[in-house]
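A.B. asks: Given next are the chains, with one letter for each unit.
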Amino acid sequence: MSEHTTLRMEGILKEFPGVVANDHIDLSVERGEIHGLLGENGAGKSTLMKVLYGLYSQDDGDIYLDGERLDLESPQDAIDAGIGMVHQHFMLIPRLTVAENVVLGEREPATAFRSDAEGSWLPATVRNNSLVQSLAGQFSLGLDVPEQRIQDLADQYGFDIDVSAKIWELDVGQQQRVEILKALYRDVDLLILDEPTAVLTPTEAERLFDSLERLTDEGLSIIFITHKLTEVDAIVDRVTVLREGQNVGTAAVSSVSRADLAEMMVGREVLFDIDREAVDLGDPVLRARGVKATDNRDIEALSGIDLTVRQGEIVGIAGVSGNGQKELAEVMAGIRDVTAGELLVNGEDITGAKPKTFVDSGVSFVPEDRLQYGCAEDLSVMHNATMKDFRDGRFGDRPFLDYGELREYAETLVEEFDVRGVSDVTETNAGDLSGGNLQKLILAREIYRDPDLLIANQPTRGVDVGAIEFIRETLLEQRKAGTGIILLSEDLDEIFDLSDRILVVYEGEFVYETTPAEADRERIGLEMTGGDGDDETVASPPQSGVTQEGES
Amino acid sequence: MVSFIAGLLDATVQAATVLLLAGMGELISERAGVLNLGVEGMMLVGALGGFITTVLTGSHWLGFGVGILLGMVLALVHAFLCITLKSNQVISGVMLTLLGTGLTTFFGSGWVEESIDGFPQMTLPFVGQYLVDIPVIGEAFFRSTATDYLALGLLVVVWYFLYHSNLGLEMIAVGEDPEMADTMGVSVFRLRYLAVLIGGGFAGAAGAHLSLAFSQLWVPGMTAGRGWIAVALVIFAQWRPRRMLVGAYLFGLLDALRIRSQSISLTVGPDAPLAGVINPIVEFLMNPQIMGTYPYLATILVLAYAVIRTKSDQLAVPSALLQSYSRETD
Numbered sequence: 001m002s003e004h005t006t007l008r009m010e011g012i013l014k015e016f017p018g019v020v021a022n023d024h025i026d027l028s029v030e031r032g033e034i035h036g037l038l039g040e041n042g043a044g045k046s047t048l049m050k051v052l053y054g055l056y057s058q059d060d061g062d063i064y065l066d067g068e069r070l071d072l073e074s075p076q077d078a079i080d081a082g083i084g085m086v087h088q089h090f091m092l093i094p095r096l097t098v099a100e101n102v103v104l105g106e107r108e109p110a111t112a113f114r115s116d117a118e119g120s121w122l123p124a125t126v127r128n129n130s131l132v133q134s135l136a137g138q139f140s141l142g143l144d145v146p147e148q149r150i151q152d153l154a155d156q157y158g159f160d161i162d163v164s165a166k167i168w169e170l171d172v173g174q175q176q177r178v179e180i181l182k183a184l185y186r187d188v189d190l191l192i193l194d195e196p197t198a199v200l201t202p203t204e205a206e207r208l209f210d211s212l213e214r215l216t217d218e219g220l221s222i223i224f225i226t227h228k229l230t231e232v233d234a235i236v237d238r239v240t241v242l243r244e245g246q247n248v249g250t251a252a253v254s255s256v257s258r259a260d261l262a263e264m265m266v267g268r269e270v271l272f273d274i275d276r277e278a279v280d281l282g283d284p285v286l287r288a289r290g291v292k293a294t295d296n297r298d299i300e301a302l303s304g305i306d307l308t309v310r311q312g313e314i315v316g317i318a319g320v321s322g323n324g325q326k327e328l329a330e331v332m333a334g335i336r337d338v339t340a341g342e343l344l345v346n347g348e349d350i351t352g353a354k355p356k357t358f359v360d361s362g363v364s365f366v367p368e369d370r371l372q373y374g375c376a377e378d379l380s381v382m383h384n385a386t387m388k389d390f391r392d393g394r395f396g397d398r399p400f401l402d403y404g405e406l407r408e409y410a411e412t413l414v415e416e417f418d419v420r421g422v423s424d425v426t427e428t429n430a431g432d433l434s435g436g437n438l439q440k441l442i443l444a445r446e447i448y449r450d451p452d453l454l455i456a457n458q459p460t461r462g463v464d465v466g467a468i469e470f471i472r473e474t475l476l477e478q479r480k481a482g483t484g485i486i487l488l489s490e491d492l493d494e495i496f497d498l499s500d501r502i503l504v505v506y507e508g509e510f511v512y513e514t515t516p517a518e519a520d521r522e523r524i525g526l527e528m529t530g531g532d533g534d535d536e537t538v539a540s541p542p543q544s545g546v547t548q549e550g551e552s
Numbered sequence: 001m002v003s004f005i006a007g008l009l010d011a012t013v014q015a016a017t018v019l020l021l022a023g024m025g026e027l028i029s030e031r032a033g034v035l036n037l038g039v040e041g042m043m044l045v046g047a048l049g050g051f052i053t054t055v056l057t058g059s060h061w062l063g064f065g066v067g068i069l070l071g072m073v074l075a076l077v078h079a080f081l082c083i084t085l086k087s088n089q090v091i092s093g094v095m096l097t098l099l100g101t102g103l104t105t106f107f108g109s110g111w112v113e114e115s116i117d118g119f120p121q122m123t124l125p126f127v128g129q130y131l132v133d134i135p136v137i138g139e140a141f142f143r144s145t146a147t148d149y150l151a152l153g154l155l156v157v158v159w160y161f162l163y164h165s166n167l168g169l170e171m172i173a174v175g176e177d178p179e180m181a182d183t184m185g186v187s188v189f190r191l192r193y194l195a196v197l198i199g200g201g202f203a204g205a206a207g208a209h210l211s212l213a214f215s216q217l218w219v220p221g222m223t224a225g226r227g228w229i230a231v232a233l234v235i236f237a238q239w240r241p242r243r244m245l246v247g248a249y250l251f252g253l254l255d256a257l258r259i260r261s262q263s264i265s266l267t268v269g270p271d272a273p274l275a276g277v278i279n280p281i282v283e284f285l286m287n288p289q290i291m292g293t294y295p296y297l298a299t300i301l302v303l304a305y306a307v308i309r310t311k312s313d314q315l316a317v318p319s320a321l322l323q324s325y326s327r328e329t330d
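Residue numbers (UniProt numbering), protein chains in the order written: chain A, 1 to 552; chain B, 1 to 330.
Hints in this document: simulated from the structure, not taken from any laboratory. The reader is advised that the hints may include incorrect statements.
Partner residues are not named here, just some residues of chain B that face chain A (Cβ under 8 Å, in silico) [said to hold, decoys possible]:
#, residue
1, 162
2, 166
3, 173
4, 176
The calculated lysine to any residue pairs, modelled on SDA-like cross-linking and capped at a C-alpha distance of 20 Å, are [claimed, not checked]:
#, chain 1, residue 1, chain 2, residue 2
5, A, 166, B, 86
6, A, 356, A, 393
7, A, 166, B, 238
8, A, 166, A, 106
9, A, 354, B, 308
10, A, 228, A, 238
11, A, 228, A, 393
12, A, 166, B, 316
13, A, 166, B, 164
14, B, 86, B, 327
15, B, 86, A, 82
16, A, 166, A, 97
17, A, 356, A, 337
18, A, 166, B, 317
19, A, 166, A, 356
20, A, 292, A, 254
21, A, 166, B, 327
Have a look at the derived ranges for each label pair, beta carbon to beta carbon [stated by the list, open to error]:
#, chain 1, residue 1, chain 2, residue 2, range
22, B, 105, A, 337, 39 to 47 Å
23, B, 58, A, 162, 57 to 65 Å
24, B, 224, A, 20, 44 to 52 Å
25, B, 317, A, 158, 22 to 30 Å
Computed from a prediction, not measured in an experiment: that's the story for all the values here. A virtual CB, placed ideally from N, CA and C, is assigned to each residue, including glycine.
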């Protein structure tokens, strides 16, 4: 152990009934480094980090921070020790404001009682009394000073956040930034980030990386959980790979190749090149004309979208999160009302129809938020697998359902789409599956019904390399089978690898159209952030009166 | 007519205080994520305990305090079952109501004949004598028992506590997403216990107010469903203290009207047109039993309105209501 070591986890053992999640894992992190924690879903990364954050107590093993043995009984102990964590599933309360979410648990007293307040009507001796401090911390709450501090932090790291906005008003990308702010606000020495870039655009991720590097310069240590090997190359100093609950190895990133890391993770060789055969385009399956829609706050999010998708075509939609992608996907899937324009699926006008009409017309939808909109967490895999098709007569004569048929169908999906972690399709709940496997299940449900149009919003977000490979191949197979696909992704590589056509969305409009062959990444990046390019290849020239309200 | 309205308002204020006290307790408990359907039981225990104490000691304030304590004792059972043992909140709450009813009927049988000097009607110091002179409402609102004023004062305290204190913010967080609160170093266990105990104290106070100020006697089962109305009131108020004030007085007015429904005649004369149609309807609507359902009907309407009007992510019900929490099972 070098003198630079700040964190040492030794022989961490954590068992759950029937599973050894962490099998005597050792991990050491040096001060000021960004330490990558790499592994497939279910490899035990999150469990290990939950042990470190005091959420789980280990069955065996010790944790030392700066040479001192930590006895973590709760997250409060971890916070007190200077450990912060940004969780994979957002730990935010939608109904509360950004500031309230950030200060929760910090016991910020009303401004007059702050020991650092200037010009308070209370004399300093009273304010500094520990009893007064404790009472004020419990029975009062001052947000003015914290709000200013959060805003300063947000500005410092380039986060575009309104601290008084409610969380539910923010898009996923902004919510992620609030998560990071929560940790920064607590002045942590060791920051655990569980796939922090999963929801950021490449530009935003760059900016985050800059911020993280600035933080490490100040002596902060970072544990960076990721599935993305490109990120390991980009910012990680040393990397530890976990597989099936064991530490497969720790290495300096400069000394290992990507292929080596992938092999360590998966335990076999991984193909990075995707084989995209040429497919003949057929008739248009979707034609959208002048579609407008509003977001959850009733502010216009789509301001006149024209989009045609043909059979066998993948249309990739790139953009900074919060520019109308979520609304676009939901409108095309029929679960968000349009305020103007029309939607034709297979030539039939189904504008304003019920979601069921969209489903029956052959529209499949893979939503961005898997747990909330993609599945019913507390229902079994079987119920989730058959949710869209149980009515169609295959599963018994209505009103009765043939559970044998349902089970068989679900088992087929689980097998063909390699959904792991299902012991029994009627016993295992969808919510018990890991991110990647749940996504495979949702994809299986949406694809196995042989849709004409598939809308996939962030299909590979937060899933591991093996699953990403599988999901991308599945999308390409579906393209070959003649399905028109709308792919919304914040991963530009994915858009480039899969799409036939790329559209850039900015503030609710398509501002740029290109193909992967002739695309210029810089130009796309510029268009995504609203930069002025020349107009030659713009699909629909930006109209005057572009709404600025799309982002707040 | 004026005296009728003044009397009606007086009864409204008295009935509203019971609902306000019990409702505030339930609101705090539910905002922390614990539904307590034992309000009725906790009120009865508070009512009897307060009454016996007042008979024995002659002090209605001591009786009021004992009522609060007994409400908390019963709530502690609920907290232990639901928070520590993670059992079903609905079952535990209903059990609490049945337990409270049974215990107070048994132990209270000997006290029915007793009489006490309960909370006297009083005016506010300094300005009270002038306020009482306000026509119609003066007597009703400004000559009341100390507990009536206390309930209104506590409403302000509860509102401030929930929205302007760290403990309140933490309580709301625990009721919305206990896992998130836990990761922020907030003790879910402690805050939920605190909320349930406060809830029990309020319910006990509501019961003690009932026996020591409202009716000044003890009758088994004297809460007569007011605990359930308090539960409905929380929903009616959409889990917000300020709306609870409106709701409590509305429900209080309905209660006062119900009691007086016999003396109100809204039927039209037998010769009036359509008398044969209107009179049976009016009689039906003014039937005391039917009027007793109005608070629940109003609650259903508010629920329906809230669901239709607001978007799903804005529904007022605490997101983690009925959810127990333990760290290691995700």
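A.B. asks: Each of the hints needs a verdict: does it hold here or not?
C.D. replies: Against the structure, the hints come out as follows:
1. 162: Violated, about 10 Å.
2. 166: At about 5 Å, which falls below the 8 Å cut-off, the nearest Cβ of chain A leaves the hint on residue 166 of chain B intact, so it holds.
3. 173: 5 Å, holds
4. 176: 5 Å, holds
5. A:166 with B:86: 31 Å, violated
6. A:356 with A:393: 16 Å, holds
7. A:166 with B:238: 19 Å, holds
8. A:166 with A:106: This hinted pair holds, its Cα atoms lying about 19 Å apart.
9. A:354 with B:308: 17 Å, holds
10. A:228 with A:238: 14 Å, holds
11. A:228 with A:393: Distance ~43 Å between residue 228 of chain A and residue 393 of chain A Cα, so the pair is violated.
12. A:166 with B:316: Holds. Residue 166 of chain A to residue 316 of chain B sits at ~14 Å (cutoff 20 Å).
13. A:166 with B:164: 17 Å, holds
14. B:86 with B:327: It holds: about 12 Å lies between the C-alpha atoms, which stays within 20 Å.
15. B:86 with A:82: 32 Å, violated
16. A:166 with A:97: 4 Å, holds
17. A:356 with A:337: Holds, because 13 Å separates the two Cα atoms, which is no more than 20 Å.
18. A:166 with B:317: 17 Å, holds
19. A:166 with A:356: 31 Å, violated
20. A:292 with A:254: Outside the cut-off at roughly 49 Å; violated.
21. A:166 with B:327: With a Cα-Cα distance of about 27 Å, the restraint between residue 166 of chain A and residue 327 of chain B is violated, given a limit of 20 Å.
22. B:105 with A:337: 39 to 47 Å: 56 Å, violated
23. B:58 with A:162: 57 to 65 Å: For residue 58 of chain B and residue 162 of chain A the Cβ distance comes to about 60 Å; the hint holds.
24. B:224 with A:20: 44 to 52 Å: 58 Å, violated
25. B:317 with A:158: 22 to 30 Å: 37 Å, violated
Hints 1, 5, 11, 15, 19, 20, 21, 22, 24 and 25 from the earlier list are contradicted by this structure; the remaining hints agree with it.
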